[in-house]
Amino acid sequence: MVALRQAGFPLDLLDTLVTPDAAQEAAQVREAADRTRARARVLLDKLRGTPAASARPRLGMLGTLPADVPGADAYRQELAALTATWQRFERAHQARLATAGSAVTAMFRETPALREVLLLSNDAHFPRFAAWLDRPDEPGGRSGRRMTDMLTRYLQRVAAKNETTAHFGPITAGRLESGPPGVRWTDVGRGDRRVFCAHWAAEALADALSRRPGLRDAVRPRRRPLAFLDGDRVRVYSPATTTGFLADWRFEKIADEPVAATAAWLLSRCDGVRTVGELRRAWPGGDPAGLEETMAELAARDWLVARFEIPVGVADPLAALRAALPDPTASAAAAEGHRLVSELADLLAAFAAAAPTERPAALAAAKAAFTAATGSAANRNEGRHYADRAIYYEEGHSRVRDLTLGADLARLLSEELAPVYDLVLAGPRLRIRREREILARWMTGRFGTGRPVPLAEFFAGYLDDRAALSAECDPVDAELARLDDDVTDALLAGADPDTSEVTVPAERLAVLMASYPADPAAVCNPDLLLAAGSAADIAAGRYTAVLGECHAVRELLCHSSYAPLLAEQAPELASLVHEGYRGLLAPDEILVDLVRSHPNKTGAQLRFPIPDVEITGRSAKERGRRIPIERLYLIVHGGRVELRAHGIEQRLRPLSVPAGGPSIRQDPLSPLGFPRHFGGVTLRSPHRNHVPRIRYGRVVLRRESWRLPVDALRGTPPIPGTGATDAADFYAVQALRARLGLPRHLFVKVPGEPKPFFVDLEAPLLVRQLCRTARTRTGVVEVSEMLPGPDQLWLTVDGRGHTSELRYAVFSGPASGPAGVPGR
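Each residue of the sequence shown is one higher than the last, beginning at 0 in numbering that gives the first Met the number 0.
Treat the hints loosely; a few may be bogus.
No more than 16 Å apart at the CA atoms, straight line, and that leaves these computed lysine to aspartate or glutamate pairs for EDC-like [said to hold, decoys possible]:
1) Lys252 to Asp315
2) Lys252 to Glu456
3) Lys748 to Asp463
4) Lys252 to Asp463
5) Lys754 to Glu162
6) Lys600 to Asp315
Please keep in mind that the hints were generated in silico from the structure rather than gathered at the bench.
Please work from the sequences and hints to get the whole structure.
What follows is the structure, encoded as structure tokens:
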């Protein structure tokens, strides 16, 4: 199985913004500046030691000279010519930006699907966007520039990136087959969208309904799984993050304090089974108001969940909420609760079915109903990336269906790329091997061997000793850095530093990878791009495979917002992935899932027939398929740390870990899960400002890339007297392009930006987005070639090329899989 992710709009939409004359004219300005500098150098020599020598600093800056400086006529002529050339270039550049801005505005005004991008991406501000599109300011004015900049960034993303959602990032399930070579599909003529209620919005409705008097007694409060009660003392742990990105999560203690007797009583009895009504009747204080006050205080501190809960990972949270409510026939309050849930579901369904011109009004109606029912705003997370902001989100099936990859591509993915996966996983595997040893030494020293250590005691000891454990990881970090340097040096051995491409012989990679064990077993999700002019070229073998990201976290086809759509096209997906996981386990292991909610992003998941351990959210599985966290313990046995549960014979292998970080530094259970990795082939090469394209057979392991200081994107005119302008920035970028040999089409990662973005160096408006983004940042900009390039987009819809990538799952390890095929 593979997932084809594609951009929903053709890349050539951005060609409208291209003006090749701009780069040519920038080159003419550089030539004029070079001539003027040459004249200045000649004059500098003549003035040395003369009474006019005081004018020499002005020459160094290409400044104007006093009239009494002798022999300066030729220099003055060159400077005048340069000044005139620069002024023409500046005027022409502003005109080009205005023309391109008008073109972008026209696209969004005249293309309903593009206008919908704004609605689906930023509905809170859509009315302002729509009003501006209907009556735009002049593109060159301040308001016009701001709006066209914003529209340009949206256009860059939806036409050049394939990791978005809805119709501008549709998904297709594909199958590997033993048939003819190449890739084949059916174009069904239109996509098919799915609108989902965001998890946070359903929770807000659940919270509002839980406070209603007629429903309150039916709520089944539950102590947070990581809130451990020991007599009259509570210790609460939680994953924490400042950015929301995977690598930033850390396991932290958020409370450790005594509690009142009534709070301890309540925490000990809130088990997700007893209702508020039952607790009220048993409340020792006798005053029901005291129970509600105590419960509200514990919920505010996030020690207790005192509302109808929606399980983590469900694709339809409103249906889950409806199931949590009492039967509608039970009371008028229950009937009203069901009516409110159904009303919101119906309004979202109406939004999904509405014509593009009717969707803003349909969404406004849904938002108004949501606010009326919850008392909460229908938007949140203003300005946050990778976070649900609206009460809904949309995913879309592509019009590309029945995707099949032939036997040649199956061999590429499963055999030819095998050493590449090991290359990506070498560092994460080394970290786990080393940190398992660190964890075993620490546990042996603190708790001894053969003793079951309850999870609460383990967490308390870890946080007490975290600094020492972190210090023990310092040599591991250094070893990983050396591994990365060694791998990079081996791959680039003998290469000219200025070369654009290096080919790594297969035998060299094989020898290199043979020195790194395929242990422990690992799961990763590569993103592979095929660079080919057409599907016919792929069938004929005329293509290059480009490795993009290769994340090793929880398997991502089954754990993503688009997982339900893949399951619609490929119902067997979850069972295939589960079998892949099972093939990596030792005979004495069972797989468990750690259920952890994400506060900012809805993440649907397909279920495996394995037990769940609740960490920060509710499992969707029946109670008998959940392992209470109080049953978990750790034990050192035979020099190895094992995660176990009372009542279960096998040791546990979690799909993920509580906080999700790759190291003990972030999460004490990290060494007991699967190796974790974020990104592509590491090859950090911190001492190299230029890394050539690295090719292995027909696979590109890494695109050609450059590192630049952010200041390199801040331009100054070639003559003094004028400040920084868009023309000066463009001029500076073109000078960089000439000096470094940068390709025309790039992806650029600016510090502070969550993702790289596409830049065509011959499109002034796109270069403006790069420079204005970098203007307020510090650090290093990472630049890489666009590969596949615009002429290598094999996926065509209506004859126009779309960027795309294949995402799939790799199960890699020394053990044999279910079918006896070696995992490595």
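Can you list which hints this structure breaks, lowest number first? 1, 3
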